[in-house]
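Join these two chains into a complex; the hints should help.
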Amino acid sequence: MSAAQWRKAMNFTATSRNWSGGRPAPSPASPSRAAAASPTANGRHLREYIGVRHIAVLAAVLIYPWIVPPFFAYQIGGQALTLGLIALSLTFLAGYGGMLSLAQMTVAGIAGYVVAILGVSGTPEISLGWPWWLVVVLAIAAGTFAATLIGWLSVRTEGIYTIMITLAIGMAFFYLAQQNYAIFNGFQGFQKVVPPVVLGIDWRDPVPYYYLALFWALAGYFFVKYLIRAPFGIALQGVRDNARRMSALGFSPVAHRVAAYAVAGLIASVGGVLLVWYNGLITPNSAGTSWMINILIVAVLGGMRHPVGPFIGAVVFVLLQNFAIDLIDRERFNLVIGLVFLVIVLFSPDGLLGWWSGLRDWAMRRMTGPRPAARGNDWRSVGVQQARPVGRS
Amino acid sequence: MTPMRRWFWVWLFGLPIAALAVWGIVDNERLFFTTALNGLTLAALYFLVASGFTLVFGLLRNVNLAHGSLYLIGAYVGWVVGDSVDSWFLGVAAGFLFAALMGLVLQVSVFRYMHGQDLRQTMATIALSIIAADIALWIWGGQIHTFDPPRWITGSTTLPIIGKFSTYRLILLATAVAIGFGLWWFLARTRVGMMIRAGVDDRAMLAASGINVQMVFAITFAIGAGLAGFAGVVGGTALSISPGEDTRYLLASLVVVIVGGMGSVTGAALGAVLVGVAEQFGLAYAPTYGIVFTFVIMAVVLAFRPQGILGRRA
Numbered sequence: 001m002s003a004a005q006w007r008k009a010m011n012f013t014a015t016s017r018n019w020s021g022g023r024p025a026p027s028p029a030s031p032s033r034a035a036a037a038s039p040t041a042n043g044r045h046l047r048e049y050i051g052v053r054h055i056a057v058l059a060a061v062l063i064y065p066w067i068v069p070p071f072f073a074y075q076i077g078g079q080a081l082t083l084g085l086i087a088l089s090l091t092f093l094a095g096y097g098g099m100l101s102l103a104q105m106t107v108a109g110i111a112g113y114v115v116a117i118l119g120v121s122g123t124p125e126i127s128l129g130w131p132w133w134l135v136v137v138l139a140i141a142a143g144t145f146a147a148t149l150i151g152w153l154s155v156r157t158e159g160i161y162t163i164m165i166t167l168a169i170g171m172a173f174f175y176l177a178q179q180n181y182a183i184f185n186g187f188q189g190f191q192k193v194v195p196p197v198v199l200g201i202d203w204r205d206p207v208p209y210y211y212l213a214l215f216w217a218l219a220g221y222f223f224v225k226y227l228i229r230a231p232f233g234i235a236l237q238g239v240r241d242n243a244r245r246m247s248a249l250g251f252s253p254v255a256h257r258v259a260a261y262a263v264a265g266l267i268a269s270v271g272g273v274l275l276v277w278y279n280g281l282i283t284p285n286s287a288g289t290s291w292m293i294n295i296l297i298v299a300v301l302g303g304m305r306h307p308v309g310p311f312i313g314a315v316v317f318v319l320l321q322n323f324a325i326d327l328i329d330r331e332r333f334n335l336v337i338g339l340v341f342l343v344i345v346l347f348s349p350d351g352l353l354g355w356w357s358g359l360r361d362w363a364m365r366r367m368t369g370p371r372p373a374a375r376g377n378d379w380r381s382v383g384v385q386q387a388r389p390v391g392r393s
Numbered sequence: 001m002t003p004m005r006r007w008f009w010v011w012l013f014g015l016p017i018a019a020l021a022v023w024g025i026v027d028n029e030r031l032f033f034t035t036a037l038n039g040l041t042l043a044a045l046y047f048l049v050a051s052g053f054t055l056v057f058g059l060l061r062n063v064n065l066a067h068g069s070l071y072l073i074g075a076y077v078g079w080v081v082g083d084s085v086d087s088w089f090l091g092v093a094a095g096f097l098f099a100a101l102m103g104l105v106l107q108v109s110v111f112r113y114m115h116g117q118d119l120r121q122t123m124a125t126i127a128l129s130i131i132a133a134d135i136a137l138w139i140w141g142g143q144i145h146t147f148d149p150p151r152w153i154t155g156s157t158t159l160p161i162i163g164k165f166s167t168y169r170l171i172l173l174a175t176a177v178a179i180g181f182g183l184w185w186f187l188a189r190t191r192v193g194m195m196i197r198a199g200v201d202d203r204a205m206l207a208a209s210g211i212n213v214q215m216v217f218a219i220t221f222a223i224g225a226g227l228a229g230f231a232g233v234v235g236g237t238a239l240s241i242s243p244g245e246d247t248r249y250l251l252a253s254l255v256v257v258i259v260g261g262m263g264s265v266t267g268a269a270l271g272a273v274l275v276g277v278a279e280q281f282g283l284a285y286a287p288t289y290g291i292v293f294t295f296v297i298m299a300v301v302l303a304f305r306p307q308g309i310l311g312r313r314a
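Order-wise, the sequence lines are chains A and B.
Counted from 1, the first sequence has number 91 at position 91 by our numbering; the numbering is strictly sequential.
Counted from 1, the second sequence has number 13 at position 13 by our numbering; the numbering is strictly sequential.
No lab work stands behind these hints: they were computed from the structure.
Owing to the predicted nature of the structure, the values given are computational and were not obtained by experimental measurement.
Be aware that a few hints might be false.
[Unchecked claim] Some chain A residues well away from chain B (every beta-carbon gap over 10 Å; in silico):
1. TRP132
2. ALA168
3. TYR175
4. VAL316
[Stated by the list, open to error] Here are some of the chain B residues that sit facing chain A, going by a computed Cβ distance under 8 Å:
5. LEU119
6. ILE135
7. ILE139
8. VAL292
9. ALA303
Every residue, glycine too, gets a C-beta built ideally from N, C-alpha and C.
Next up, chain B with everything else stripped away, as it sits in the complex (with noise of 0.2 Å):
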């Protein structure tokens, strides 16, 4: 994209943006500010489960549609975990493994006779979505669960203009932060991320040049299985877990993805952060339309640049 073009496209969102921004501030700071800091932590949450989703799909080529059902029995095992032994802790930890060996025990059991099957790979993660679901209902049922965190980071703090805000979503949002960080760094410096950057530009030639490239999707899958895993856990303790979460985080995933391009994790975290603020304005402003900006966002995507906004041609 021309430096001229990409100007033009910054002028034509960004002023009405701007202007409504100002109006928003001017109209009412608190809430402005406050909706904001939301609409981050939001992005954070939706960062963690869409980087899991986003970095299967750029290796293995899986839509996996049962990343929602991850991310909810993530939860839920967290749950069982936190409260028998009493010990979030331990629950984040337990949500994250077990859904990384579902990962791994679904990579190395189902997907891989599938391989280059794309859409075959796709309908059998819906098969698994819609049982996955359906075990989750039997054994926990339909009531809401709630986590007990420790004392010390469900409290409130104090920030300028916005005044108290919960602590929790404070740390949710440095963790995606951190998790982001470390995700670079893993994919950027560590001798796995090369293999699967690698395995991302092209499967032919990893496998050629002596890697194991089943082991490169083992892990990959584990990997991604697992963020949604700890989301479950880090994100049911901020709102709550109940069936049909499921269903909420499968959506903001593939609208995170759409809008930031497949495969690309900072793309994933771009898209979080528009889709994410963009809910929680939506919610602020015009309550029972929340929906549709984030509508609006995919569909403009979609339009001017559907491989996503970072998402390459290729």
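Chain A with its partners taken away, still in its complex shape (with noise of 0.2 Å):
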């Protein structure tokens, strides 16, 4: 055993190391107020839990496509409520599991390949015409259990290895998906592969595809709420803090781990078959690299502390395609993003959400004088450990 091992067998006091370099930032709500607050919350009054910034929120993203153009209720608010629904897979995931997946992409691509597959497309000698809620309900089964089982693979190592065993699983699906024809329809994918129309309303319109979006990400964003103040959602923390702890207690890590990726696969899918539905069409490329690392891209724009975060990053990595034109050339999108990604790997670790509760604390300390004490670790943190491999004593 090497003294860096023996250091960490010992450590019974710095559990989670801060992937941002250890530094104590603010988190919104602190350990003891979690919780303490589970056990009670059934007690205590809605009421107590709603602001105004919360309604004035809601407010804003129900009358927000009646004020603007169909352009923006449909490419920015529609395609940012999506895009923020599977990167909040992988918030969940990374932030309260410390499971850093960049195959989130793949599981929506996959669950939108069913859809293509199995529903109606342009492509009539593969798609099988079946009813839209059969459709639906398998397509998110399979990508819930494809989620599920790419879990199974990557908890066996941690840390580091996980981004690389997602990232070659996730290229790998794109190669399959290229290469074959039988049933991926190679490289031109499927096309037409549109919302149906349900009660008397078209979903691919941009006002009905708008809140259809808003719905399923404000339920996965309550979902994520839940589940993290759940005892499951508790006991993943835990294991993220400190695997052999929580094993000592009596947790299963691994089985924890898995159900994680699971939830977040559950997520993701039910991003994938709106992303279908929003493009029209999915190929190849829909689930290949350069979106697996747009889904962290955004993800880490917007924050890992909090579900909102991920809509956060997803409303600016929208805006900045559309209108990255105006800045610089179009073609040169990729640029813009890759730099806007390193300055805040660099200097903002914790994404805008971070800027944004650094400011308020400023602001805070400006009005009230110096905190009375610092915060130790911030449990919120993804909490990769040194890599190594799981099972080693």
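As structure tokens, this is what we get:
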């Protein structure tokens, strides 16, 4: 046993090593409050959770499509909500489970491909044309199943290995979809995959699609909010911070991690179904390397401390994507997004949420004087410990 | 692993593979051996790329996801130099040197300040790979570039059973073997190699014994990056260079080191042979499912030996 490992095994105080370099960052909620809130959650009144800002944000996102042109409702609003939902699955997995998976877009892509293959598309030789409700259920089931398998494979190692393995799995899926014509229709993929007309509403229209995406984005957001306070979520954060200690307490780290992959896969699959309807098509590139990385960028850009982060990241990403043309040549979007990502990684590892809370703390300090005491380790950090395979003792 | 268990695995995977190989030879002898040799030459290329990747990870714990970009940029620079001075060999040297220089600059100016923050380093390499790919697209455009190597290596050699086979690919195979041995000699026999191996085992002790660890890190990163650039030129000559090759070789490096074991150069050689041969056989016998073979190898290794075939549990 090397000195570093010995230190780690004996390390009873500082558990989670913050990937942002151990900077004690301000977190919105302290662990004690989170722990205290969950048992009494039923007893507290709903009003205590809802502030003016929540109502304001909800009202803003509800009236948004009526006060902007359809382009903004669909291309900006609809796309940001859809991408945000997929990135939310990564935020849950990485922020609360400590597993940075790049394969979330692959899971979404698998769900999207199932929609195209089983449902209706512009390639009737392959598409089976089943009813939409059956297709959607099967697509989400397939995506969740694939995510569970990916999780089962990648939880065998941890830390930095996760990112490599999930990247390799995602790239392998991309090449499979590109090479294979019998099932995936190769390079062309599937065109004309449209949302169904239900209740007399064409869900492809900008405003209905926006509300559809908004509904599922809110559902995903509150689902994650609930889950991170539920016993499973608390245990998952325990596994993230110190798997050895949790397993000494009788929890199974592997089972919690695989379950986290399954939950994240469920969210990503819903996002994948929405994304294929949004784009109206799916090609290997929809789940290719650049989109796998784009999901990571969206999640990191917004910040992984809170489930609202991916949606903020998605809005910024989509705005950049649509208006980078004005800043610099349209062809150079990747350069812009790469530089933005590099700047975020180098200077603000907590993303835009980190900037926001830093700004708020600064303003609070200006008003109330210096804070009484610095908080200890940040319990919400992505607790990636030193890379090593699981099962070593 | 006890000998009993080892034999169990050998039989479990060896028997079906041997049976398939016998079927392949009986069915079409020429196709089988040509595919095998193609697989070995592809493995040679994969080894050249992945050895640098694994070397950097072993010492620096830096998963350099910009490794594919180093391959691509090295290839482009080699092409430009080879085209302008009309010497393929100078192109190879330029590809190696430029990629090595890029690696050196990255290590000294970026990664050195994030030491110990694995995830942040990895994300920085992702950002750099996006930027590098876009700049390469900007400068060299989307078309395919091909090299112009000297005439005596572009012909074909007649081999028993297989018949005509590209001389260049045989040279590539020989080069990879030579570089493999060179790398082994460098790591096992030279002073810097000893420092690198000591650093892989325990960085803190290496620093405590008075070695300039940052220097060792920089040298390792330069060699790893240079190997990627070198592979870019020689691989680009065997196939071609175009945008998108960076992710292809990054995937190859990832799978090779996951299968072979992170940080082990011997593991990279073993993984490269497995992956390269599997990919070529997949392409020859089940064209649209070729990638599945690679993936199955990776999944099996991860399921039963997460640290890789020659990886250490430490």
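* Please flag the earlier hints that this structure goes against, numbers listed from lowest up. => As far as the earlier hints go, 2, 3, 7 are violated by this structure, in ascending order.
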